[in-house]
Amino acid sequence: MGPGVARERSSTIGIKLLGILEHRDVALRAVSAACKLVAPAPHGSAWHEFHAEVISAVGEAFNNVVIHAYQGRSDGMIDLRIRTEPGRIRVDMRDWGTSFDPKSVPSPTLDTLPENGLGLFIMQSFMDLAYRPGRPNLLTLTKQLPRHPRTAAPPAEGPT
Amino acid sequence: MKFQISKKEGVTSLTIEGQLDALTVPELRAELDKLVDHTPPQVDVDVTNLRLIDSSGVGALVSLFKRVRAQGGKVEIRGLRDQPLAIFKLLRLDRVMGGISRPAAEASKTSKSRA
Chain Z
1 MGPGVARERS STIGIKLLGI LEHRDVALRA VSAACKLVAP APHGSAWHEF
51 HAEVISAVGE AFNNVVIHAY QGRSDGMIDL RIRTEPGRIR VDMRDWGTSF
101 DPKSVPSPTL DTLPENGLGL FIMQSFMDLA YRPGRPNLLT LTKQLPRHPR
151 TAAPPAEGPT
Chain R
1 MKFQISKKEG VTSLTIEGQL DALTVPELRA ELDKLVDHTP PQVDVDVTNL
51 RLIDSSGVGA LVSLFKRVRA QGGKVEIRGL RDQPLAIFKL LRLDRVMGGI
101 SRPAAEASKT SKSRA
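Going down the list, the protein sequences come from chains Z and R. One point on numbering: in this note's numbering, the residue at position 126 of the first sequence is 126, and numbering is uninterrupted. One point on numbering: in this note's numbering, the residue at position 45 of the second sequence is 45, and numbering is uninterrupted.
In short, the hints are calculated from the structure, not lab data. These numbers were taken from a predicted model, which means no experiment stands behind them. Certain hints may be false.
[What the hints assert, rightly or not] Here are the computed lysine-lysine pairs in the DSS-like style, where the Cα-Cα straight-line distance is at most 25 Å:
hint	chain 1	residue 1	chain 2	residue 2
1	R	Lys89	Z	Lys36
2	R	Lys74	R	Lys8
3	Z	Lys103	R	Lys89
[Unchecked claim] From the structure, some residues in chain R lie toward chain Z, with a derived Cβ separation under 8 Å:
hint	residue
4	Leu52
5	Val58
6	Gly59
7	Val62
8	Ser63
[What the hints assert, rightly or not] Footprint (simulated), chain R over chain Z, 3 or more residues, beta carbon under 8 Å:
hint	region
9	20-30
10	54-61
11	109-118
Think of the CB as a built atom: it goes at the ideal place given N, C-alpha and C, for glycine as much as any other residue.
Kindly produce the complete structure, drawing on both the sequences and the hints.
Structure, rendered in structure tokens:
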């Protein structure tokens, strides 16, 4: 079985992490590896853009939990579940910290060069976001790979 | 994250490599504060080997840009690519901060062709 065949399957990866910034890199490495399962290599520019956007959004989600939900506590847990299908990724992030209301966070005014308050904007710009407050809070980020043969019309031409 | 600061003939060069994020940015911020206190009029920031940046890292660079500009200076960021480029484009920093999205190699090619 070639690597392309193996990567076309659906898969679920689950990791439990501490809600501390030192564990952010572990979460992002797992998500980065999962992005490779979404489409077989070689990866074109659409995949690289997809990968950059998914990593950016999940990184901001992780920061938000550490900084806002757990507010500096070092014993909070994050349950990360990454679901991949051909052309699509879904990341569920559960935490047991303070909830928030995404609708109450104002959008940044980019022309004023804001130095903070950009995290949620980055998440929502790069991925579809759903949030359910509770015990645990559940943040779901999903993204479709543009022009993937299983999810969209095939491109007219392959890479040259 | 690794960074290096050097000063030569009125230009401060700052090179940042690796990951600039909420975990690593406090170390850089402390140095940027010192740099802004005694800054030459131009700061060149090379991010060719910056692999990842988050909103905290962007905040530090935007703060540097604003403070240097307030003193009449200029900050130019070069070598943006991959994930850092996606973030800068989304936040429209490439429009606001002139020359920010030119990769170092491309910038050097342009200056050579103009020479």
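Now the hints, each set against the structure:
For a cut-off of 25 Å, the pair hint linking lysine 89/R to lysine 36/Z stands: about 24 Å separates their Cα positions. Between lysine 74/R and lysine 8/R the alpha-carbon distance is near 15 Å, which keeps this suggested pair within the 25 Å criterion. The suggested pairing of lysine 103/Z with lysine 89/R holds, with an alpha-carbon distance near 24 Å, which does not exceed 25 Å. Contact between leucine 52/R and chain Z, as hinted, is supported at the beta carbon level, the nearest pair being about 7 Å apart and thus within 8 Å.
Given the 8 Å rule on beta carbons, the hint for valine 58/R holds: about 7 Å separates it from the nearest Cβ of chain Z. Checking glycine 59/R against chain Z: minimum C-beta separation of about 4 Å stays under 8 Å; hint holds. Given the 8 Å rule on beta carbons, the hint for valine 62/R holds: about 5 Å separates it from the nearest Cβ of chain Z. Annotation: serine 63/R was flagged as interfacial toward chain Z, and the flag holds, the nearest CB pair being 5 Å apart, inside 8 Å.
Counting residues of the region 20-30 of chain Z whose CB lies closer than 8 Å to any CB of chain R gives 5, which reaches the minimum of 3, so the coverage claim holds. Figure legend: the region 54-61 of chain Z, annotated as covered by chain R; annotation consistent (4 residues with Cβ-Cβ distances under 8 Å, at least 3 required). Counting residues of the region 109-118 of chain Z whose beta carbon lies closer than 8 Å to any beta carbon of chain R gives 7, which meets the minimum of three for the stated coverage.
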